[in-house]
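Please arrange chain B on chain A, whose structure you already have, making use of the hints.
Here the protein sequences come in this chain order: A and B.
Every position in the first sequence, counted from 1, becomes a number in our numbering once 8 is added.
Every position in the second sequence, counted from 1, becomes a number in our numbering once 8 is added.
Hints listed in this document are in silico derivations from the structure and should not be mistaken for laboratory results.
Careful: at least some of the hints might be erroneous.
The list treats identical chains as one, so a pair stands whether inside a single copy or across any two.
As the list claims (entries may be wrong) - SDA-like, lysine to any residue: derived pairs with alpha carbons at most 20 Å apart: (1) K111 with P232; (2) K15 with F227; (3) K15 with G211; (4) K15 with D201; (5) K40 with E210; (6) K40 with Q120; (7) K192 with E253; (8) K258 with F231; (9) K258 with E198.
Since the structure is predicted, the reported quantities are computational estimates derived from the model, not experimental observations.
2 protein chains.
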Amino acid sequence: MSLSNNKIKYIRSLKEKKLRSEHHTFVAEGTKLVFDLLETCRCQLVAALPETLAAHPDIRAEEIVVASASELKKATLLATAPQIIAIFYQPEQDVEKYQFGEKLSLVLDGIQDPGNVGTIIRIADWFGIDHVVCSPDTADLFNPKTVQATMGAIARIRVSYTDIGVFLRKYSHLPIYGTFLDGKNIYHEELSDYGLIVMGSEGKGIRKEAAESISRRLFIPNFPLSRTTSESLNVAAATAIVCSEFRRRKL
Amino acid sequence: MSLSNNKIKYIRSLKEKKLRSEHHTFVAEGTKLVFDLLETCRCQLVAALPETLAAHPDIRAEEIVVASASELKKATLLATAPQIIAIFYQPEQDVEKYQFGEKLSLVLDGIQDPGNVGTIIRIADWFGIDHVVCSPDTADLFNPKTVQATMGAIARIRVSYTDIGVFLRKYSHLPIYGTFLDGKNIYHEELSDYGLIVMGSEGKGIRKEAAESISRRLFIPNFPLSRTTSESLNVAAATAIVCSEFRRRKL
Numbered sequence: 009m010s011l012s013n014n015k016i017k018y019i020r021s022l023k024e025k026k027l028r029s030e031h032h033t034f035v036a037e038g039t040k041l042v043f044d045l046l047e048t049c050r051c052q053l054v055a056a057l058p059e060t061l062a063a064h065p066d067i068r069a070e071e072i073v074v075a076s077a078s079e080l081k082k083a084t085l086l087a088t089a090p091q092i093i094a095i096f097y098q099p100e101q102d103v104e105k106y107q108f109g110e111k112l113s114l115v116l117d118g119i120q121d122p123g124n125v126g127t128i129i130r131i132a133d134w135f136g137i138d139h140v141v142c143s144p145d146t147a148d149l150f151n152p153k154t155v156q157a158t159m160g161a162i163a164r165i166r167v168s169y170t171d172i173g174v175f176l177r178k179y180s181h182l183p184i185y186g187t188f189l190d191g192k193n194i195y196h197e198e199l200s201d202y203g204l205i206v207m208g209s210e211g212k213g214i215r216k217e218a219a220e221s222i223s224r225r226l227f228i229p230n231f232p233l234s235r236t237t238s239e240s241l242n243v244a245a246a247t248a249i250v251c252s253e254f255r256r257r258k259l
Numbered sequence: 009m010s011l012s013n014n015k016i017k018y019i020r021s022l023k024e025k026k027l028r029s030e031h032h033t034f035v036a037e038g039t040k041l042v043f044d045l046l047e048t049c050r051c052q053l054v055a056a057l058p059e060t061l062a063a064h065p066d067i068r069a070e071e072i073v074v075a076s077a078s079e080l081k082k083a084t085l086l087a088t089a090p091q092i093i094a095i096f097y098q099p100e101q102d103v104e105k106y107q108f109g110e111k112l113s114l115v116l117d118g119i120q121d122p123g124n125v126g127t128i129i130r131i132a133d134w135f136g137i138d139h140v141v142c143s144p145d146t147a148d149l150f151n152p153k154t155v156q157a158t159m160g161a162i163a164r165i166r167v168s169y170t171d172i173g174v175f176l177r178k179y180s181h182l183p184i185y186g187t188f189l190d191g192k193n194i195y196h197e198e199l200s201d202y203g204l205i206v207m208g209s210e211g212k213g214i215r216k217e218a219a220e221s222i223s224r225r226l227f228i229p230n231f232p233l234s235r236t237t238s239e240s241l242n243v244a245a246a247t248a249i250v251c252s253e254f255r256r257r258k259l
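Chain A with its partners taken away, still in its complex shape (with noise of 0.2 Å):
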């Protein structure tokens, strides 16, 4: 058996979210990921060398397929063709289910790069942080840039998205963090091991309706202070650092 041209075209069909969306799958690729997947996701289909499905002959799919690295070449999404692709069933995304008043999550506002949007995932996996919500116009969870810049953290993060104004006007009994540029030093403030935090985009900051509800502002000094800048982080790189400081005094 082999990886059909139906099922190429279908791989690469899913580049497009319209299409993700109507299958209501996504694709990730690479071992690691793909096996991480495999642990927490339902799976439609893996295609994979036969020398990788041999080394797991374990792998639990609706359907598996041994492909060649010819037809694994045209299947990817990405630069350099993987050993395996496989198929998953979008998890729920129903944020109405889940509580937030235990502990941290992170809210997205407006964060449009997918790399930017997975590298962040992967930093909540890394610090402890459960939940991300996304406002819509938030990068897409299952565009392949962002499943893969997550490494395997997709597997474990749950990723919401819904109109953040109205979500963080429910939650504003909690503390609601966020950077702004006349924010206090974030090194120097008492930050709880419970609420939410709002990260903004490098272009518009975190909008108004977002920030209203904040009770929290917060600023990542530069280093000298005494150097004005016009300059900002990476949005990615502002979140590791954030993320950093809540847990520091922990760890």
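Leaving out everything else, chain B in the frame of chain A:
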């Protein structure tokens, strides 16, 4: 005057490292990046929309060309066409010329993704680290993806390529830091305000030849510590946290 097909071809040819090296030039796109670079780098060519040129009558370049939106679209190396494209001469990068004793510098060991290298240069800029020294197999500074990811920091940070094994041995009298899985909790260690910080690639970590010179082994703990994890952080995210820690106690 408009952007000729020959010039469009020349701009597009600079996607290739070989041609960048031959011409000793590189491409930058977008107003923020181009105007940051105009302050420090010698400029060979500026091509921009008439309104962009009208708004900036004092651009200093060997040649300034009015371009139409469709010409810029043909010339761009990015996904969406900018208002302005410029070609700059590569600044000199002779690591032998600089001293590394008094300040902090970053050393990159085989970081292959240009986006990560650009983001790291931007982090260095934020935290007042003037110099980034790279192994020869680190992504090229003048790769258009690196240039864009620096968001202008490329104009302010010195970046050199050299054999970092030799380089680190030469500076082994300085404190040399690196992150390792068996390193010491970075949040508790004393960190100097001079010396070298080595960052390794996500796949290979810091390689033996560089690791041998590292006297201070650090670790960014995951949270909670009790959770054993095979995960790692994206190298730019890790660099952001490390640089933040070196500066935090002084901010």
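| query | So which of the earlier hints does this model not fit? | reply | Violated: hints 2, 3, 4.
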